[in-house]
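Make the full structure from the sequences, and use the hints.
Using my numbering, the letters of the sequence shown correspond one by one to residues 6 to 327.
These are calculated hints, taken from the structure and not from any lab test. Among the hints, erroneous ones may be present.
What the hints assert, rightly or not - Restraint ranges, calculated between C-beta atoms of paired labels, are given here:
hint, residue 1, residue 2, range
1, GLY94, GLU191, 53 to 59 Å
2, ARG18, TRP98, 20 to 26 Å
3, ALA221, TRP88, 32 to 38 Å
Keep in mind the model is a prediction, meaning the values are calculated, not measured. Ideal placement from N, C-alpha and C gives every residue a C-beta, glycine not left out.
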Amino acid sequence: MHLFRTVSRYGTRIIAAAALVGLAVPELAAALRPYIGDFVVTMLIVSLMRVDFAAFISRIRRPWPAIAATVWVTVLFPLAVMWGAIALGVDTWSASALAIVFLFVAPPPIVSAPAFAMLMGLDGALVLAVMLLSTTLMPLTAPWLAALFVADALPISAVDLSLRLATMIGTAFVVAFILRKVLKSERIERAKPLFDTVGVCIAVMFAIGAMDGVGARLVSDPVFTLSALGIAVGVCFAMIVLSYVLFRPFVGVDAVAIGYCAGNRNAGLVVAALGVEAVDPMVWFFFAMTQVPVFVFPFVLAPLGRYSSRTHSAAPPKGTVN
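See below:
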């Protein structure tokens with residue numbers, strides 16, 4: 006049990022280090038790459054098993070921020086970005102350029118977003134609601150965007166993409182529901198360190214496999230690799246900032262949580278549905294780059310999260326007269 010607690014405590018650092026292992030040991034990354042889809046579905050199952058549905062329901066009782074954020078994250082923002090990319094001529098750069106943009110904006114928030122949002126002192130229930138709604142809608146929204154913008158650049162049709170996403174996500178929901186019924190939510194909560202350890206182990210294998218080919222490209226073309234990394238991090242920050250600026254006047258501090266949802270996307274779901282081996286090499290490379298902020302941000306921002314949590318807990322309740 007001590008081992009589980011240690012892994013739970015240092016999980017973000019372990020996952021960040023795993024990406025470096027994938028770069029340093031390309032044979033291991035190549036061996037794990039074919040199982041990326043399995044890792045994605047398993048991570049989704051583990052996360053859904055541990056969902057606080059009471060928090061979700063409480064948020065849905067005040068539905069408009071969650072609904073507005075979901076529509077923004079899954080429909081309006083991707084449409085604006087894809088149209089903007091076409092207006093800038095991105096589709097003329099290469100056959101895969103627009104597909105790379107699609108990979109940045111089509112997926113829902115990462116499944117670990119609610120937990121990390123709470124670590125940062127944000128409204129975890131709001132992030133949970135947006136993550137669940139966006140993930141549930143993904144078999145409709147992502148293929149629709151694909152049919153509009155990148156039908157010729159993907160290895161499968163939009164209909165096949167929809168069916169594969171529905172199968173993956175539906176399977177994860179069903180398995181998670183059965184496991185929650187069998188194990189009981191109280192037992193799952195008591196075994197938090199164990200489930201944290203399982204989640205970290207799966208995320209480590211995913212992180213290593215996602216780096217397949219990146220190490221070789223870093224050696225052969227470091228300028229391009231570092232530029233691509235800068236683009237990935239920059240796009241992530243831009244999505245966060247733009248969403249925050251848009252929602253701040255309407256939802257106040259909740260805009261931080263919405264920005265976090267918009268900037269941290271579960272691109273692994275799209276790659277897994279397309280077929281790991283069928284993805285264009287350049288699309289795969291940028292998929293790997295999109296994972297770096299996801300791997301590193303929890304490690305980098307954890308101190309900020311702990312500080313925000315302490316500040317929030319120390320602040321007097323609204324309406325308190327000093």
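How the hints compare with the structure:
At about 56 Å, the CB distance of GLY94 to GLU191 agrees with the hint of 53 to 59 Å. Evaluation of the 20 to 26 Å hint for ARG18 and TRP98 yields a failure: the beta carbon distance comes to about 37 Å. Distance hint check for ALA221 and TRP88: the Cβ-Cβ separation is about 35 Å, which falls inside the suggested range of 32 to 38 Å.
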